[in-house]
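Each protein sequence line maps, in turn, to chains H and C. 1 is the number of the first residue of the first sequence in UniProt numbering; add one for each residue after it. 1 is the number of the first residue of the second sequence in UniProt numbering; add one for each residue after it.
One or more hints might be untrue.
Note: identical chains are not told apart, hence a pair may lie in one copy or across any two.
In the DSS-like style, the derived pairs of lysine-lysine whose C-alpha atoms are separated by at most 27 angstroms in a straight line are [what the hints assert, rightly or not]:
1. LYS137 with LYS15
2. LYS317 with LYS137
3. LYS254 with LYS298
4. LYS248 with LYS96
5. LYS305 with LYS317
I should point out that these hints are in silico values taken from the structure, not numbers from a laboratory.
Protein chains: 2
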Amino acid sequence: MKLNAVFSFIKNDLKEIESELERTIQSEYPLLSEAGLHLLQAGGKRIRPVFVMLSSMFGDYDIKRVKRVAVSLELIHMASLVHDDVIDDAKLRRGKPTIKEKWDNRIAMYTGDFLFARSLEMITFLDNPLAHKLLSKTIVEVCLGEIEQIKDKFNVDQNLRQYLQRIKRKTALLIATSCQLGAISTEVDDVTHQRLFWFGYYIGMSYQIIDDILDFTSSEKKLGKPVGSDLLQGNITLPVLYSLHDPKLSGRIKKINKDTPANEMTNIIKEIRKSPAIDQSFELSNRYLHKALNILDKLPDGEHKIKLEEIANYIGKRKF
Amino acid sequence: MKLNAVFSFIKNDLKEIESELERTIQSEYPLLSEAGLHLLQAGGKRIRPVFVMLSSMFGDYDIKRVKRVAVSLELIHMASLVHDDVIDDAKLRRGKPTIKEKWDNRIAMYTGDFLFARSLEMITFLDNPLAHKLLSKTIVEVCLGEIEQIKDKFNVDQNLRQYLQRIKRKTALLIATSCQLGAISTEVDDVTHQRLFWFGYYIGMSYQIIDDILDFTSSEKKLGKPVGSDLLQGNITLPVLYSLHDPKLSGRIKKINKDTPANEMTNIIKEIRKSPAIDQSFELSNRYLHKALNILDKLPDGEHKIKLEEIANYIGKRKF
Numbered sequence: 001m002k003l004n005a006v007f008s009f010i011k012n013d014l015k016e017i018e019s020e021l022e023r024t025i026q027s028e029y030p031l032l033s034e035a036g037l038h039l040l041q042a043g044g045k046r047i048r049p050v051f052v053m054l055s056s057m058f059g060d061y062d063i064k065r066v067k068r069v070a071v072s073l074e075l076i077h078m079a080s081l082v083h084d085d086v087i088d089d090a091k092l093r094r095g096k097p098t099i100k101e102k103w104d105n106r107i108a109m110y111t112g113d114f115l116f117a118r119s120l121e122m123i124t125f126l127d128n129p130l131a132h133k134l135l136s137k138t139i140v141e142v143c144l145g146e147i148e149q150i151k152d153k154f155n156v157d158q159n160l161r162q163y164l165q166r167i168k169r170k171t172a173l174l175i176a177t178s179c180q181l182g183a184i185s186t187e188v189d190d191v192t193h194q195r196l197f198w199f200g201y202y203i204g205m206s207y208q209i210i211d212d213i214l215d216f217t218s219s220e221k222k223l224g225k226p227v228g229s230d231l232l233q234g235n236i237t238l239p240v241l242y243s244l245h246d247p248k249l250s251g252r253i254k255k256i257n258k259d260t261p262a263n264e265m266t267n268i269i270k271e272i273r274k275s276p277a278i279d280q281s282f283e284l285s286n287r288y289l290h291k292a293l294n295i296l297d298k299l300p301d302g303e304h305k306i307k308l309e310e311i312a313n314y315i316g317k318r319k320f
Numbered sequence: 001m002k003l004n005a006v007f008s009f010i011k012n013d014l015k016e017i018e019s020e021l022e023r024t025i026q027s028e029y030p031l032l033s034e035a036g037l038h039l040l041q042a043g044g045k046r047i048r049p050v051f052v053m054l055s056s057m058f059g060d061y062d063i064k065r066v067k068r069v070a071v072s073l074e075l076i077h078m079a080s081l082v083h084d085d086v087i088d089d090a091k092l093r094r095g096k097p098t099i100k101e102k103w104d105n106r107i108a109m110y111t112g113d114f115l116f117a118r119s120l121e122m123i124t125f126l127d128n129p130l131a132h133k134l135l136s137k138t139i140v141e142v143c144l145g146e147i148e149q150i151k152d153k154f155n156v157d158q159n160l161r162q163y164l165q166r167i168k169r170k171t172a173l174l175i176a177t178s179c180q181l182g183a184i185s186t187e188v189d190d191v192t193h194q195r196l197f198w199f200g201y202y203i204g205m206s207y208q209i210i211d212d213i214l215d216f217t218s219s220e221k222k223l224g225k226p227v228g229s230d231l232l233q234g235n236i237t238l239p240v241l242y243s244l245h246d247p248k249l250s251g252r253i254k255k256i257n258k259d260t261p262a263n264e265m266t267n268i269i270k271e272i273r274k275s276p277a278i279d280q281s282f283e284l285s286n287r288y289l290h291k292a293l294n295i296l297d298k299l300p301d302g303e304h305k306i307k308l309e310e311i312a313n314y315i316g317k318r319k320f
């Protein structure tokens, strides 16, 4: 099952969001517009806009309002990716050169800043102070998550708790906030928008774990970047942490640092790929997925709820 | 006259703002707290908090509310300085190593992001949607100003309009917004807070021009960085633009690029320092100052209005 098929019933509104994204990144500076467009055209699943839209449908859906929330959340995500690529010194994202690679770190820093600023401008139409409080709190957490990622690079002594906290900050909270703000924008009641927050949170945890698995098990073509990029950049993810339980692998993994030769890294990546750590990671992802589905059960029925369920199930099985 | 003397009547509240700033930059990451504290301890005039406070006094002053607006505006300013120093590859600020110099560009990028995020979190207590619209618009403009600054580096073909647009975005709008949001936070009427915006705007233009003059005429000790740093980093400011009218200097200035030998740069800086361009720049600064004072005239009387006038007059004469 492809995500596109699941999305077919919001296809037209997603197109409208895409146009709004394109419009929003424009400025009088060709370089800035070009960098933003480069980023947009590299694609991305737009899952945050999708969660905003589907969650907003628990209330009185109005694409004119909802699209601004969706664009705002996607822009925050895009901005964080651009700054991430500076931190990770990443050359490729989704098969295209990163902004820091195509231009330089300074341009990447300001493109990120600009996208972020535009995102804030976009969300100000919401008159609900709670929405701004939630969003700004999430942004602080996303920043802290990035700093954690720098601090924990090549740190193989970290534990599961540290990893989970990092992906919570890096991914889960922004998806949770996408769901909750989508609902708040259409005046969904408090209990429902809080439940949608937790639905998004668990889905986000599951989603990021799958992402971290695919970094080992997928292909360079599907990933749009080399297999094992996370580990090559020093990011210690769940499959690596679980592999530390494997006596054959743990000694080698513990020796990893930024000067580890490429062939040793490639071999370790191959070993992790075929180790039980992959299935163990899937299991943890599934546990989060079930928590998400349990929450969904308690929400009012509707076509959009069925779609959220389909997306949740897709996330558990996705291959790229 | 020293700014400290002018500020004496709000001294205690300024101390409270300083403590709030120190509290706000804390996080669970020692490195981040350290970088933030390093920045705070390097000092700074805190003119944005002062403008927030004095402007808020046109309404029902309450330090508990006002200090959050003041801290938020100062944090945005601090965040932009940290990212600026990456762009300018600056080694020193206020006599101390910059964050990018003491740590590195990546830490500087995330320290800036974090301060910025904290600033947003801080301002969300304001329930007035207009406040958020004004602030986010200003942040977009500040970002565009920074991008302009990159684009116009070593560009001696720029005109006065480009320079003025840049300092408007880089400095004047944030001071204007400090005045206006200070007033909005204490429910000052629309006419008055809009006038305070324009007062801040003109003061900001005047202030930045003086800053750009002092970069040539002050001493390394007072500046906390080498004399002529702007030009050395490729930033073309008002004294340089006016010097282009001097037939003796214009040929040499037009040849400047990032490979110009240090001794030629030092000589040009010395020539500009004693050229009529300095007085001409002071004149333009004074024109903005008078506009600011004219607007102030129209505002309701009070001790805080007298203080704003004293600050305005100080800015016109300041030596560092």
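Hint check:
1. LYS137 with LYS15: Intra 29 angstroms, inter 26 angstroms, cutoff 27 angstroms: inter-copy only.
2. LYS317 with LYS137: neither (31 angstroms within a copy, 42 angstroms between copies)
3. LYS254 with LYS298: Classified as neither; 44 angstroms inside a copy, 70 angstroms across copies.
4. LYS248 with LYS96: neither (36 angstroms within a copy, 50 angstroms between copies)
5. LYS305 with LYS317: Only inside one copy: LYS305 and LYS317 sit 19 angstroms apart there, 65 angstroms across copies, limit 27 angstroms.
Checked against the numbered hints given earlier, the structure breaks hints 2, 3, 4 and satisfies all the rest.
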